[in-house]
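**Q** Next come the chains, spelled out residue by residue.
There are 2 protein chains.
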Amino acid sequence: MCELLGMSANTPTDICFSFSGLVQRGGKTGPHRDGWGIAFYEGRAFREFKDSQASVKSDIAHFVKKLPIKSHVVISHIRQANSGKVCLENTHPFSRELWGRSWVFAHNGQLKGFKKKPLGFYKPIGSTDSEHAFCWILDQVRSAYPEPPKNPRLIWKLLHDLCLEVDEYGIFNMLFSDSRFLYVYCSSKLCWITRKAPFGKARLKDSDFVIDFTEHTTSKDVVTVISTEPLTGDENWETMKKGEMLVFQKGKAVYHK
Amino acid sequence: MCELLGMSANTPTDICFSFSGLVQRGGKTGPHRDGWGIAFYEGRAFREFKDSQASVKSDIAHFVKKLPIKSHVVISHIRQANSGKVCLENTHPFSRELWGRSWVFAHNGQLKGFKKKPLGFYKPIGSTDSEHAFCWILDQVRSAYPEPPKNPRLIWKLLHDLCLEVDEYGIFNMLFSDSRFLYVYCSSKLCWITRKAPFGKARLKDSDFVIDFTEHTTSKDVVTVISTEPLTGDENWETMKKGEMLVFQKGKAVYHK
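As given, the protein sequences belong to chains A and B, one line each in that order. Going by the numbering used here, the first sequence opens with residue -6, and the numbers climb by one from there. Going by the numbering used here, the second sequence opens with residue -6, and the numbers climb by one from there.
The hints are simulated quantities; they were obtained by calculation from the structure and are not laboratory data. For clarity, every value in this text was computed on a predicted model and none was experimentally measured. One or more of the hints may lead you astray.
For identical chains, the list gives no copy identity; a pair is met inside one copy or between any two copies.
Straight-line distance between alpha carbons at most 20 Å, and here's what the computed EDC-like set of lysine to aspartate or glutamate pairs gives [what the hints assert, rightly or not]: (1) K198 <-> E161; (2) K116 <-> D132; (3) K50 <-> D227; (4) K110 <-> E140.
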């Protein structure tokens, strides 16, 4: 199994606090030693850091933890391998281009037999069931909409249906983005929290790190963080249910079913 | 204009020495202040670092300069913008997937009117003529070979013909890779050097950095470095001619026309 971390914000925000908690779970407070990755959107493009070694031992992870990269959508993953060997090809997040947009994807869970599903346009570079599912979903979106529909709700609904279909093969908790929206689907375990004014303090569960959000925010900021398990012990995280899909834009849920 | 840096090696090799020289040209010894990027292949995947600010001022560039990431194919670029504004979307290298392989591309030069060429499968995320040319080339390769041909020479020849066609629109010095081969096309300015046993010392032209390659290599290592201008002053770099294409595999030229 793996752990996921996502963020959607209405103003470019750094994720140093949350990422510091996640990194601990990559070999110290958690068993996810088989690689980690993080993608930070900036406009329609993204910046990515990844490594096939444990995040607690990774020089790059420690550098990123301290680097205040500000972004409106972030997707991160720490891996405990179950499908595909430990190597960079199999390290999440995965990305592809569709309609001149960068799509980024990370998955937690296992999908039995999904790799038998035929693919069309997009082909996996590595050997994980996760990347196969990502390619399959993008294939379906591309076939249904060779050009992007004017109403983005059509995509939200289609993605929800596709996630439900993939979910039948096992466990499919996932984060997905096209730079504008952050799509979150829960198969077994995901939770989220929206932070907005009045901001307070929070303490990480996985390390001795307390943050006072009032020092880092303005009263207009809205920031949602999604995680496999709550990252803080003194805030109220919402727990998602199986089959539930949320779409966030600028920190706010715009689709919730 | 911009500057390019590439490497092909028969054993995973770090590029710290050459990249240290290039970084200086990104705002200090050269005027390329509008972003930089570097992609390091590891197997079929790659690791990428990029920034839309000057490399001499970039925290990420200084971190990468010291990080001994070992790779068999590296593509790097520093940008002086001429087509497309300064932002991450327009920062080289660009990448796409074809045949389950990661293709990475960086370009130096300008292409007048090329953005009028219609595209098919691949769409640019940013607004540069460079990314448009990259998408167009991959479209042609994909159309000619929906599946990869058994004989890679067919691709080398096709890529050479495509580069000659793009070159008619202006200046098109480029580096391109699919993880196995490093493709190098010269339109106006590119040079290269192959380092192998007996190794010696070299001094960077752009900073006070001397390396003794004998301390970092074995007698079997073969490493080729490609650059817009020679990075060292005390070695013999080969200068490429207009229309010339080189394909490197494991540090050695396998196609040269």
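**Q** Hints first: check each against the structure and report whether it holds.
**A** Now the hints, each set against the structure:
Neither within a single protomer nor between protomers do K198 and E161 lie at most 20 Å apart by alpha-carbon distance, with minima of 32 Å and 60 Å respectively. Taking CA atoms no more than 20 Å apart as the test, K116 paired with D132 passes in both settings, with 10 Å inside one copy and 15 Å between copies. In this assembly of identical chains, K50 and D227 lie within 20 Å of each other by CA distance neither inside one copy nor across copies; the values are 28 Å within and 39 Å between. Taking identical chains as interchangeable, the C-alpha atoms of K110 and E140 lie at most 20 Å apart only when they sit on different chains, with a minimum of 18 Å there against 24 Å within one chain.
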